[in-house]
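Position one of the sequence shown corresponds to residue 1 (our numbering), numbered consecutively onward.
Hint data in this document are derived by calculation from the structure and do not stem from the laboratory.
The beta-carbon is built from N, C-alpha and C at its ideal position, and this holds for glycine as well.
There could be a bad hint or two in this list.
Stated by the list, open to error - Okay, the calculated beta carbon distance ranges per label pair: (1) P24 with N2: 31 to 39 Å; (2) S17 with M49: 47 to 55 Å; (3) Y18 with V39: 31 to 39 Å; (4) R28 with Y53: 34 to 42 Å; (5) P4 with N52: 56 to 64 Å; (6) G7 with G37: 39 to 47 Å; (7) K44 with Q10: 31 to 39 Å; (8) H21 with Y45: 34 to 42 Å; (9) F34 with D12: 48 to 56 Å.
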Amino acid sequence: MNPPNDGSPQEDARYHSYVTHHIPWYVRAMWIAFWIGLVWYVVKYAIPMARNYF
1 MNPPNDGSPQ EDARYHSYVT HHIPWYVRAM WIAFWIGLVW YVVKYAIPMA RNYF
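The task is simple: from the sequences and hints, build the whole structure.
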């Protein structure tokens, strides 16, 4: 096993190009779709099953 390469911070930062913390639109779309799906599931299945259970 090779020893770790402890380079300078400038060498380490060479491969990182963070410009902003902006979340891409498709990640936001997936997040919105998840919550819409969750609400749909609760209304369609969870509430009727809870009525039968209790």
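Practice prompt. Provide an ascending list of the numbers of those earlier hints which the structure does not satisfy.
Written response: 7, 9
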